[in-house]
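Residue numbers (the numbering used here), protein chains in the order written: chain A, 1 to 316; chain B, 1001 to 1353.
Derived by calculation from the structure, the hints in this document are not laboratory data. These numbers come from a predicted model, not from an experiment. Hints are supplied without guarantee of correctness; some may be wrong.
[As the list claims (entries may be wrong)] Here are the simulated SDA-like pairs of lysine to any residue, each with C-alpha atoms no more than 25 Å apart in a straight line:
| # | chain 1 | residue 1 | chain 2 | residue 2 |
| --- | --- | --- | --- | --- |
| 1 | B | 1102 | A | 241 |
| 2 | B | 1210 | B | 1184 |
| 3 | A | 308 | B | 1091 |
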Amino acid sequence: MELSLKTQAPPPGHGPLHRLSNLLYRKPNLYLALLLVPPLLWFGAIYFGSLLTLLWQGLYTFDDFSMTVTPQLTLANLVALFHPANYDIILRTLGMAVAVSLASAVLAFPIAYYMARYTTGKTKAFFYIAVMLPMWASYIVKAYAWTLLLAKGGVAQWFVEQFGLAPALQLILDIPGVGGSTLSTSHLGRFLVFVYIWLPFMILPIQAALERLPPSLLQASADLGARPWQTFVQVILPLSVPGIAAGSIFTFSLTLGDFIVPQLVGPPGFFIGSMVYVQQGAIGNMPMAAAFTLVPIVLIAIYLAIVKRLGAFDAL
Amino acid sequence: MTLAVQFTGVSRVFGEVKAVDRVSIDIQDGEFFSMLGPSGSGKTTCLRLIAGFEQPSAGSIRIHGQEAVGLAPYQRDVNTVFQDYALFPHMNVLDNVAYGLKVKGVGKSERHARAEEALALVALGGYGARKPAQLSGGQRQRVALARALVNRPRVLLLDEPLGALDLKLREQMQGELKKLQRQLGITFIFVTHDQTEALSMSDRVAVFNKGRIEQVDTPRNLYMKPATTFVAEFVGTSNVLRGELAEQLTGNALPFSIRPEHIRLVESRLLDSPGQAASGEVQVSGLLHDIQYQGAATRYEVQLANGQSLSISQANDQWQASTPAYQPGQQVTARWARAAMIALQDVAAGGGQ
């Protein structure tokens, strides 16, 4: 029997939709342009444009006497950033951001390592949810909750007393620059809240980096004679640096820009974020607020340059 | 002669699956030993047991006389060339090769000199400053080899190292590996699923099937005297004839193997004495139903009267021959020497050996 192999000819390009898809198939650049124009418009014009406008306003003049802004260009606001009062704010914020990033990295690494290398299926899903669950609750609620936890007579203090560690806590709270009168009004308390709130942003990128690490690399290292700690230092840690860098960019920049936690927890004293908030809200000094906005941008640029210098992105 | 690696009744069980099932092998010092088998036959697990990435569920593994069960990979004097090469992406080629020396605490200048030496050995001198990502597949393969050799192991394990290379490069690397092994005089244990590769490079080959060893022998014996139906069919192509036909031809119910190139094809109508084979020969007839031209040889598929199919390979050694001698649909007769038939066992006889 003869087998008929004649197939139906494909329907010719009728209709505007057909013609459009044919056109897009033949001209892949047009297709790409159609895909990219909306996000580029959004990102370029609305986001980037307004950011530049904001920074431009940092060069405007604010008249202290009449409390008005005139579009007269001056570097006075930028110079004012280096006045001792403002400079202190920058150093305080920067110190906290560095401390929070370091602590988050140290805390996140073991969790991320366990998630990436030892969990599968349901256990892994459980860990993902456990890490992200705190992000489902409102940030403000969590910050307020911490003020209660850390308050005098709060849960944290109760635990410390149960274990008989009250003198130790008092010793820590007496250290200048770390302590304060109570946990909730100490630098330490503020630091704890920051680490708690930003930790998931550190765990997930490190976990992703470790997940990409082929098991054969670890076997090769052991095969060549490396003991487990040598494999960790020589192979695992260097290859997870891009993840740590990505996570620390989150924790670093989020801490630099935060203006709520510093108001709720910790000793008095402005952070960059709360300074911007006060300058443009209460005082109406938009140019000074804009000048302060420049600080985290510059700090993050410097941070990225250092991280790149250290070779964090070489393995990408 | 000392044994490089000795397996005694080794099993490795993953849950319900017996990946390696009571395997015993003796691998001589300085031997090029291949482990051949289809995927999932247990050959790679055996290699990983020697490297120390797996621990056996039962049995004993000795490496140069020392019991290795319970030892971590970094406590064993063996090195591995991985299937995916497993080069460290954040280190350049020189640091990759020098890694084994670095973790042993060898000083910088000495380890760099020895790494350069190892790179020169695999013809990659001067590539030290490059990153693995900047190398071709064949070059990465050589770096992996140099990295494994820099520790001067007494046993080198190779896990399908040529699998990702294209045919020409693979053939070239086969020659170089063999040369390197002779030059260094160390034991190579080579895992592959490619029987030509195993036959052309090895001193001896172990054929694995379903976690057990079917036969361990020299390449020539493996091909000419396969012990089991599995070996006959997996190593090269073979016609395994069984049942009534086997009994009729050999007077024995055991299945037997006859290689396609040991059969001669004769056109039935040209036979002087149809049905009558010369002494010491057997003959069968059937219908020629497919011809595959393969260049150096032509393969004929003949359908025998009992429905069994017979594969016959005839060398195309007549340079003048212009027209094909046979057409599909023709009645043909196949003849071969009685002595060319090898009686087979259906399963490996006892133990792992």
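To see whether the hints hold, each was checked on the structure:
Restraint check for residue 1102 (chain B) and residue 241 (chain A): the C-alpha separation of about 21 Å stays at or below 25 Å, so the hint holds. The suggested pairing of residue 1210 (chain B) with residue 1184 (chain B) is violated, with an alpha-carbon distance near 33 Å, which exceeds 25 Å. The suggested pairing of residue 308 (chain A) with residue 1091 (chain B) holds, with an alpha-carbon distance near 16 Å, which does not exceed 25 Å.
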